[in-house]
Amino acid sequence: MANRSTTRPASLAALFMSFLAIGSTSFGGGLTGWIRRELVEKRGWLDDQQFLSCYALSQMVPGATNVNLAVLIGTQLRGVVGALAALAGLMLVPLAILLTIGSFYFAAHDAPGGRLLNAALAGAGAAAIGFNIATGIRLARRNVRRLGPALIAVAIIVGIGILRIPLLEVLLVMLPASLALTLLNKAR
Amino acid sequence: MIATLLQIAGLFSLLSLLAFGGGAAVLPDMQHAAVEVHHWVTGREFLDMFALSRAIPPGSLIVVLIGQKAAGVAGGLVALLAMFGPSSILAFAMARLWHRASRAAWRETLEQALAPVSVGLTIASGIALARSTEHDWPAYAVTAGTTLLLAFTRLHPLAVMAAGAALVVLTGG
Chain A
1 MANRSTTRPA
11 SLAALFMSFL
21 AIGSTSFGGG
31 LTGWIRRELV
41 EKRGWLDDQQ
51 FLSCYALSQM
61 VPGATNVNLA
71 VLIGTQLRGV
81 VGALAALAGL
91 MLVPLAILLT
101 IGSFYFAAHD
111 APGGRLLNAA
121 LAGAGAAAIG
131 FNIATGIRLA
141 RRNVRRLGPA
151 LIAVAIIVGI
161 GILRIPLLEV
171 LLVMLPASLA
181 LTLLNKAR
Chain B
1 MIATLLQIAG
11 LFSLLSLLAF
21 GGGAAVLPDM
31 QHAAVEVHHW
41 VTGREFLDMF
51 ALSRAIPPGS
61 LIVVLIGQKA
71 AGVAGGLVAL
81 LAMFGPSSIL
91 AFAMARLWHR
101 ASRAAWRETL
111 EQALAPVSVG
121 LTIASGIALA
131 RSTEHDWPAY
141 AVTAGTTLLL
151 AFTRLHPLAV
161 MAAGAALVVL
171 TGG
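Chain order of the listed sequences is A and B. Residue numbers for the first sequence, in our numbering: 1 to 188. Residue numbers for the second sequence, in our numbering: 1 to 173.
Since the hints were made in silico from the structure, they are not lab data. Quantities reported herein were computed from a predicted structural model and do not represent experimental measurements. Even glycine gets a Cβ: it sits at the ideal position worked out from N, Cα and C. Watch out, some of these pointers could steer you wrong.
Chain A regions said to be covered by chain B (calculated; three or more residues, Cβ under 8 Å) [stated by the list, open to error]:
no., stretch
1, 10–22
2, 59–73
3, 125–138
All chains should be modelled from the sequences, with the hints used to inform the complete structure.
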């Protein structure tokens with residue numbers, strides 16, 4: 001691992017503050033992008049390959065993948081307390097806001113102001129999807145440099161994004177394929 | 001009241017363990033149970049709750065709104081714990097297993113194998129999400145523009161997302 005030694009240790013308080021910042025900025029979506037930006041780029045607690053492993057593992061466990069990702073990274077950095085700190089930091093602000101503005105929103109969604117809010121939410125949501133795709137492209141440029149792995153990534157994008165094949169079926173084929181390719185590469 | 005809380009706990013902890021690939025996988029079941037079986041919310045309320053909760057991280061807090069509507073703040077908290085507790089425990093177990101193998105050769109190999117899979121999943125889930133929501137042409141333009149700007153420039157994500165929101169409002173949303 002070329003850059004594994006460059007990752008820094010995380011204190012519990014800093015871990016909580018980081019996820020608090022992530023939970024406070026990722027309104028509209030793009031959580032994957034925000035998590036990578038904060039923990040890999042700004043803090044240097046994980047390298048890209050560790051982030052990508054946690055991301056893949058978060059998809060293999062049932063449940064909201066973003067929440068799983070927070071638990072996986074929190075555990076990896078600081079054990080069970082780290083997982084709880086990450087979860088609490090991530091949920092605190094969104095939960096407070098959801099419980100407060102929820103009733104206002106349901107009262108106002110038919111008013112003209114509510115329509116504007118809906119349009120703004122839709123626009124931010126569309127941009128947030130772009131943020132996540134852009135994060136994928138950045139990760140691809142740094143971590144998928146050979147033809148074989150690139151074909152694996154493209155097959156997954158076409159299979160799930162275009163052909164809408166269920167995630168579980170795609171993983172059942174592409175995970176063994178990627179593993180075989182890696183082993184083949186090592187054997188050479 | 002207690003009966004409703006138990007129903008909430010039972011429903012969402014089951015959905016938590018069935019949500020392979022993320023919360024979206026169990027939305028149809030959640031809608032069916034909350035609207036048609038338990039009559040906690042109407043169909044219209046469910047859609048509004050979905051739209052609002054999708055914009056608030058982590059994007060799956062709709063369960064809190066449903067629980068709150070069914071049984072007050074206690075209902076919301078029970079729904080939160082039931083939906084994220086079981087899956088978080090599994091994620092924690094997975095992380096421990098992964099950590100224990102930190103010096104094993106197979107983990108290094110598996111990490112290399114997982115990298116292209118994850119990259120593919122990140123991009124694929126974005127495309128799938130865009131296609132499953134009501135994406136009209138301004139929304140697609142915003143998604144495409146944001147993708148290019150954030151992949152190839154150093155612009156701050158918040159600035160780009162605010163611009164996206166403004167664009168959709170101006171084009172009549």
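Results of checking the hints against the structure:
{"no.": "1", "hint": "10–22", "verdict": "violated (count 1)"}
{"no.": "2", "hint": "59–73", "verdict": "holds (count 13)"}
{"no.": "3", "hint": "125–138", "verdict": "holds (count 14)"}
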